[in-house]
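Undergrad: Following the hints, put chain B in place on chain A, whose structure we already have.
If you read the protein sequences in the order shown, they are chains A and B.
Residues in the first sequence are numbered consecutively from 1, following full-length UniProt numbering.
Residues in the second sequence are numbered consecutively from 1, following full-length UniProt numbering.
In case anyone wonders, no lab produced these hints; they're calculated from the structure.
Glycine is no exception: its CB is placed at the ideal position from the N, C-alpha and C atoms.
It cannot be assumed that every hint is accurate.
[Unchecked claim] What the simulated footprint calls covered on chain B by chain A, stretch by stretch (three residues with Cβ under 8 Å from a Cβ of chain A suffice, anywhere in the stretch; the number is not a length):
# : stretch
1 : 190-204
2 : 274-280
3 : 294-307
4 : 361-367
[Unchecked claim] Keeping only pairs whose Cα atoms sit at most 27 Å apart, straight-line, the calculated DSSO-like set for lysine-lysine is:
#  : chain 1 : residue 1 : chain 2 : residue 2
5  : B       : Lys377    : A       : Lys89
6  : A       : Lys671    : A       : Lys694
7  : A       : Lys368    : A       : Lys731
8  : A       : Lys89     : B       : Lys402
9  : B       : Lys204    : B       : Lys57
10 : B       : Lys418    : B       : Lys104
11 : B       : Lys116    : B       : Lys204
12 : A       : Lys636    : A       : Lys736
13 : A       : Lys709    : B       : Lys317
14 : B       : Lys263    : A       : Lys733
15 : B       : Lys289    : B       : Lys85
16 : B       : Lys402    : B       : Lys385
17 : B       : Lys333    : B       : Lys51
18 : A       : Lys89     : B       : Lys333
19 : B       : Lys181    : B       : Lys116
20 : A       : Lys636    : A       : Lys671
21 : A       : Lys368    : A       : Lys39
22 : A       : Lys652    : A       : Lys709
23 : B       : Lys377    : A       : Lys731
24 : A       : Lys736    : B       : Lys263
25 : A       : Lys731    : B       : Lys57
26 : B       : Lys51     : B       : Lys181
27 : B       : Lys51     : B       : Lys116
28 : B       : Lys51     : A       : Lys731
29 : B       : Lys263    : B       : Lys317
30 : A       : Lys733    : B       : Lys333
31 : B       : Lys116    : B       : Lys104
32 : A       : Lys731    : A       : Lys671
33 : B       : Lys289    : B       : Lys317
34 : A       : Lys712    : B       : Lys263
35 : B       : Lys85     : B       : Lys181
36 : B       : Lys85     : B       : Lys57
37 : A       : Lys652    : A       : Lys666
One letter stands for each residue in the lines below.
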Amino acid sequence: MAASSKPGSPRPPPSSSSSMAQDLFNNFSFSKTLKLKTKQQELLIRVTVLTLIYILAFITRLFSVLRYESMIHEFDPYFNYRTTLYLTKNGFAEFWNWFDSESWYPLGRIIGGTLYPGLMLTAAALYWVLRFLRFAVHIREVCVLTAPFFASNTTLVAYFFGKEIWDSGAGIVAAALIAICPGYISRSVAGSYDNEGVAIFALLLTFYLFVKAVNTGSLAWALASAFGYFYMVSAWGGYVFIINLVPLYVLVLLVTGRYSLRLYVAYNCMYVVGMLLAMQIRFVGFQHVQSGEHMAAMGVFFLLQVFFFLDWVRHLLSDAKLFEAFLRITVTGAVSVGAIALGVGTASGYISPWTGRFYSLLDPTYAKDHIPIIASVSEHQPTAWSSFMFDFHILLILFPAGLYFCFKRLSDATIFIVMYGLTSMYFAGVMVRLILVATPAVCLISAIAVSATVKNLTRLVRSQSQAVQSGSSKGASTAKSSSKGVIDNSQPFQRNGAILLLLGAFYLLTRYAIHCTWVTSEAYSSPSIVLAARGAHGNRVIFDDYREAYFWLRQNTPPDAKVMSWWDYGYQITAMGNRTVIVDNNTWNNTHIATVGRAMSSYEDEAYEIMRSLDVDYVLVVFGGVTGYSSDDINKFLWMVRIGGGVFPVIKEPDYLVNGEYRVDKGAAPKMLNCLMYKLSYYRFGELTTEYGKPPGFDRARGVEIGNKDIKLEYLEEAFTTQNWIVRIYKVKPPKNRW
Amino acid sequence: MPMEEQPHFRVPLSLLLFLSLFLLPTSFSSTHDLQILNAERRIDLTSHIIKVYLTLKVENLGTSPASEVHLAFSPAEAEHLAIVKAAATSGKRKKKTYIPLDVKSAELPDGPNGTKFFTVTLLTSLNKGETATLEVLYILTHSLEPFPVEITQSESQLVYFRDSAILLSPYHVKEQTTFIKTPSTRVESFTVVDPAKRAGTELKYGPYEDQPPYSYSPVLVHFENNNPFAVVEELEREIEISHWGNVQVTERYRLVHAGARHKGAFSRVEYQTRPDATGVSSFKHLLAKLPPKVHSVYYRDEIGNVSTSNLRTDYRKSELEFQPRYPLFGGWKSTFVIGYGLPLQDFLFESPDGRRYLNFTFGCPLTQTVVDKLILKVVLPEGSKDPTAVIPFQVDQHLEIKYSYLDVIGRTVVVLEKSNVVPEHNVPFQVYYTFNPIFMLAEPLMLSIAIFLFFVASVSYLHADLSIRK
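Just chain A, same shape as in the assembly (with noise of 0.2 Å):
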């Protein structure tokens, strides 16, 4: 905890004293060779902070593998895991090519041209590395460890952006509230092995070189926002929100009068370069001059050229009448051209529309009403007002702080960091696994509002204790601390008074570095493969079902086993119990999704027709009734009624319900009670004694007794239950003999 506030703390005497130095050093003119010493001084200062909060940004997440083991976390990481594994074991070109027959059985995936392969590529470089170097690591320890390590390297971007926009103090800042920011680190514990770990890295990078391109006009820096871009594009789908938000900066310095040649330069480089090599991507493809979603950034591109054309045009004509004309020929002609390119792309179909996602961006309610898969994912939902709390803490009351800031020193680097900040927010609030979008801008913000406030406070204090103690010093310090310090110095408690609001940000930032390793350790670390209780003496209970049944399902099947479960297990089934699965988390492929949520909300021997057309020989449940774990298929079974029904029109969600009310007790719905989901979650659970002075067949989830207790199966047989219930695997008899 001490370690963890420290980052904060130690920041302003650098600068300020620097600062001070330089003011003494003026006045009384000391040798050269100390004023590079205390330079060196700062520079080591600064080096010193940085590199702890290097490491604290790495060890703070490393929560997990002490509560829990070094292990992979969640669904999405297990993909991520066993395509790394294939790929350290098969080398790139296989990899690439990689048809896999494992998953949407009896579709398969092209791995490949499905997948952003810049994680797997960066872990699997990682490894071989190391193992070039001796260090004989296993690849989990790499994949898991890959989160955090980048994590880190984001807290040295974020200083060298926060450099570029304001100065190094905030950027020393900015560096150590995002080491610890929860809204960062519930995406990137260690053993979070997913996307996002390397793209946030990724997104600020691209960010940052190219802010530092447009401040520099230097080809260079876009050149390397280039291909920090096509680091992104490689790592994670987001990437559609920064072609999307340059584009828009860029048009937001055209309108506000701040174009420049160095903006021209570092968007035509970086759009240009990114493009061509994002296209390099086989799942990005020609969508950059394809997809409706980055037709913004052609558009701005052409613009710019309009632009500098027009620029050039009047630089030529001195006329000004003659040069109004031609603006208004020239731009009434680009707009109609641009109009009919744009229309007779998307009357062809060579422009493809928005997607649903992007939709449901704009629109928070879209997802509900159109695509239920997307809007039953938890992350999807609009985020709450508590989550925003959660993640940032102090930095929702800094962040407007900093805008303020920002707004009193407008410059282009200033524009962009305000940008980023209100779009991402936008984001933020639409859906809550965005929130991670928004926390390098809200920490780059914050920071800056923590730096110019510490800044000007300790200045006060100095300038006062200086006064003090040289009695009237020359004017050089009183000069320093700005007219309004001159004003103040009247004021008796302004020194104190200053004292008091640096304790008062002291302590806020201490808090908030509570708050982190709070949240840390309590909420972000758990791997939710693993469940950890508390038993009624206190002590931790463990229940490790999935993994006993993933388990069972790798070593006690045949190898060529189809497994059917619904799509939040398809990954987990496949890495961990290595078979064949129908459906997983790559949501590709809704119909199929559909089936295997209509064969779950049909009678059994409808399911059965489905399971048999599908091959399929285990259908997997997850079942929290005997230990209250909520999250399992009961819960979500209505969206697979909605997605099934979706597809197919039998299936109806009214079929399920009473009065709309979803209940699984005696009161439930008949269909509800004899569909294949509850026969296969409550098969002789009836006979189970789960809390003492409840009835048998208590189902402590949802806290009632359940209504069928008398389950009987025809097609299918229990093979294998878990511990603890949570997971249960049954097996689909093959059919009977006709004669």
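TA: This is chain B only, laid out in the frame that chain A set:
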């Protein structure tokens, strides 16, 4: 020692031979000088590792002294034979002392087809008319055949055991008895070869008198055996020596329940609520006996740590009690890894000639398990030379190279392979090698140099001006 002279006179034979198929008219052998006065066999069938205790009283009838006694095994037995030990006894009752004898595999020309022989070398040769008492222990694995082959969760496991009521022996046996001990009183059936009777958990065949050599009378016992049929199909033990004070052991198991296969559904509710009546032949717990002072023990598998294990340590031994992720029913498999560290000084010694040697226990630390294939790898420190292994029994040996942390030339690995290993193989073995302690410093030096170079690079970067424009 008197000279061992092979008698060279021909004896025409026409004996009842094994399976009555072959007649070997003549042979050169000393076998018929000996006869067995009394043979007592006790067959212990309580677990899936069958132990047979054989007490033989041998008498020399011939004129020349005999120093070797042959033991015969049928082909079926020979295939599953894990170990044969013999000891000479002297004294009576409580003062009985056992002196281990040398046992060697042997070939005899007059054995019926497929009979495999072992030769026990006596301490002193038997002169005419003298007698000696031998205690023989041999262990059979995979010799209980489940029948029915598949059982449901509620059934208990029944197995067949096949043997001969009469001891297969190249000698004339004057009197013999066989006792078979079953794990429970439930014996479905057994072949009756008069006189044979059953009392409680014991079957008694015999006494039979005056059986000619190679007499054989097949018997079949069908009985209940619910002991865990834990078989490790393959065990790879890697013992890595670090001269910095640690011996790291990593054991990779591939475990299978080799009993009657599980059939039909597995019902958790039955298994949970009626533990005595269902899944009686399944097993959940395993026990590994580890050396004392064991530390950093872990138990995991391909998909992560397994949290169900318990370690008990005291100054004499350590016991790791652990459970696979799920109970093992017949035919179910599980793989897992157990690893632990041990203090170096307990296992590494210096021999008088200056070489070092590792003294470690062969075999499998799991109790009551059969290992079909054991691969034991001793990873010597980098820079070790001339490794030799000393083991009291026959194993396959070869060398490998392994690269571990910061290895440049790789570590020499002594690989020992043996199939059909039972707990009786848990005896010490030694690996001798020469090692120059200077190699210990190689890796720390490499690291220090790397870090030093990094700092030098940083310092020179800070002092150098790399900009093109001035």
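Undergrad: Now tell me if each hint is right for this structure.
TA: The hints, checked one at a time:
For the stretch 190-204 of chain B, the proposed coverage by chain A is not satisfied: 0 residues have a C-beta within less than 8 Å of a C-beta in that chain, short of the threshold of three. For the stretch 274-280 of chain B, the proposed coverage by chain A is not satisfied: 0 residues have a C-beta within less than 8 Å of a C-beta in that chain, short of the threshold of three. With 7 residues carrying a beta carbon less than 8 Å from a beta carbon of chain A, the stretch 294-307 of chain B meets the three-residue requirement, and the given coverage holds. With 0 residues having a beta carbon nearer than 8 Å to a beta carbon of chain A, the stretch 361-367 of chain B misses the requirement of three or more and the stated coverage is violated.
In summary, the hint linking Lys377(B) to Lys89(A) is supported, as the alpha carbons are separated by about 24 Å, within the 27 Å threshold. For a cut-off of 27 Å, the pair hint linking Lys671(A) to Lys694(A) stands: about 26 Å separates their Cα positions. For a cut-off of 27 Å, the pair hint linking Lys368(A) to Lys731(A) is broken: about 35 Å separates their Cα positions. Restraint check for Lys89(A) and Lys402(B): the C-alpha separation of about 18 Å stays at or below 27 Å, so the hint holds.
The hinted pair formed by Lys204(B) and Lys57(B) meets the criterion: a straight-line CA distance of about 19 Å does not exceed 27 Å. Proposed proximity of Lys418(B) and Lys104(B) is supported: the alpha carbons are some 17 Å apart, at most 27 Å. For the suggested pair Lys116(B) and Lys204(B), the alpha carbons sit about 26 Å apart, so the restraint of at most 27 Å is met. Restraint check for Lys636(A) and Lys736(A): not satisfied, since their Cα atoms lie roughly 32 Å apart, outside the 27 Å limit.
Of the pairs offered as hints, the one joining Lys709(A) and Lys317(B) is violated, with about 50 Å between alpha carbons and a cut-off of 27 Å exceeded. Between Lys263(B) and Lys733(A) the CA atoms are separated by roughly 13 Å; this keeps the pair inside 27 Å, and the hint holds. Taking the CA atoms of Lys289(B) and Lys85(B), the gap is about 23 Å. The hint holds against a cut of 27 Å. Annotation: proposed proximity of Lys402(B) to Lys385(B) holds, straight-line Cα distance about 14 Å (limit 27 Å).
Restraint check: the Cα-Cα separation between Lys333(B) and Lys51(B) comes to about 25 Å, which is no more than 27 Å; the hinted pair holds. Taking the CA atoms of Lys89(A) and Lys333(B), the gap is about 25 Å. The hint holds against a cut of 27 Å. A distance of roughly 25 Å separates the Cα atoms of Lys181(B) and Lys116(B); the hinted pair therefore holds under the 27 Å criterion. With a CA separation close to 16 Å, the supplied pair Lys636(A) and Lys671(A) stays within the 27 Å bound.
The hinted pair formed by Lys368(A) and Lys39(A) fails the criterion: a straight-line CA distance of about 58 Å is larger than 27 Å. Distance hint between Lys652(A) and Lys709(A) is fulfilled; the C-alpha atoms sit about 24 Å from each other, no more than 27 Å. Note on Lys377(B) and Lys731(A): the hinted pairing is violated, with a Cα-Cα distance of about 41 Å set against a maximum of 27 Å. With a CA separation close to 17 Å, the supplied pair Lys736(A) and Lys263(B) stays within the 27 Å bound.
For the hint pairing Lys731(A) with Lys57(B), the CA-to-CA distance comes to about 59 Å; that exceeds 27 Å, so the pair is violated. The straight-line distance between the Cα atoms of Lys51(B) and Lys181(B) is roughly 10 Å, inside the 27 Å bound, and the hint therefore holds. A C-alpha spacing of about 18 Å is found between Lys51(B) and Lys116(B), which places the hinted pair at or below 27 Å, so the restraint holds. Under the criterion of a C-alpha separation no larger than 27 Å, the hint pairing Lys51(B) with Lys731(A) is inconsistent with the structure, at around 40 Å.
For the given pair, Lys263(B) sits about 39 Å from Lys317(B) by alpha-carbon distance, which is inconsistent with the 27 Å threshold. Of the pairs offered as hints, the one joining Lys733(A) and Lys333(B) holds, with about 22 Å between alpha carbons and a cut-off of 27 Å not exceeded. Of the pairs offered as hints, the one joining Lys116(B) and Lys104(B) holds, with about 11 Å between alpha carbons and a cut-off of 27 Å not exceeded. For the given pair, Lys731(A) sits about 23 Å from Lys671(A) by alpha-carbon distance, which is consistent with the 27 Å threshold.
Note on Lys289(B) and Lys317(B): the hinted pairing holds, with a Cα-Cα distance of about 7 Å set against a maximum of 27 Å. Under the criterion of a C-alpha separation no larger than 27 Å, the hint pairing Lys712(A) with Lys263(B) is consistent with the structure, at around 19 Å. About 20 Å separates the Cα atoms of Lys85(B) and Lys181(B), which keeps this hinted pair within 27 Å; it holds. Between Lys85(B) and Lys57(B) the alpha-carbon distance is near 16 Å, which keeps this suggested pair within the 27 Å criterion.
For the hint pairing Lys652(A) with Lys666(A), the CA-to-CA distance comes to about 21 Å; that is within 27 Å, so the pair holds.
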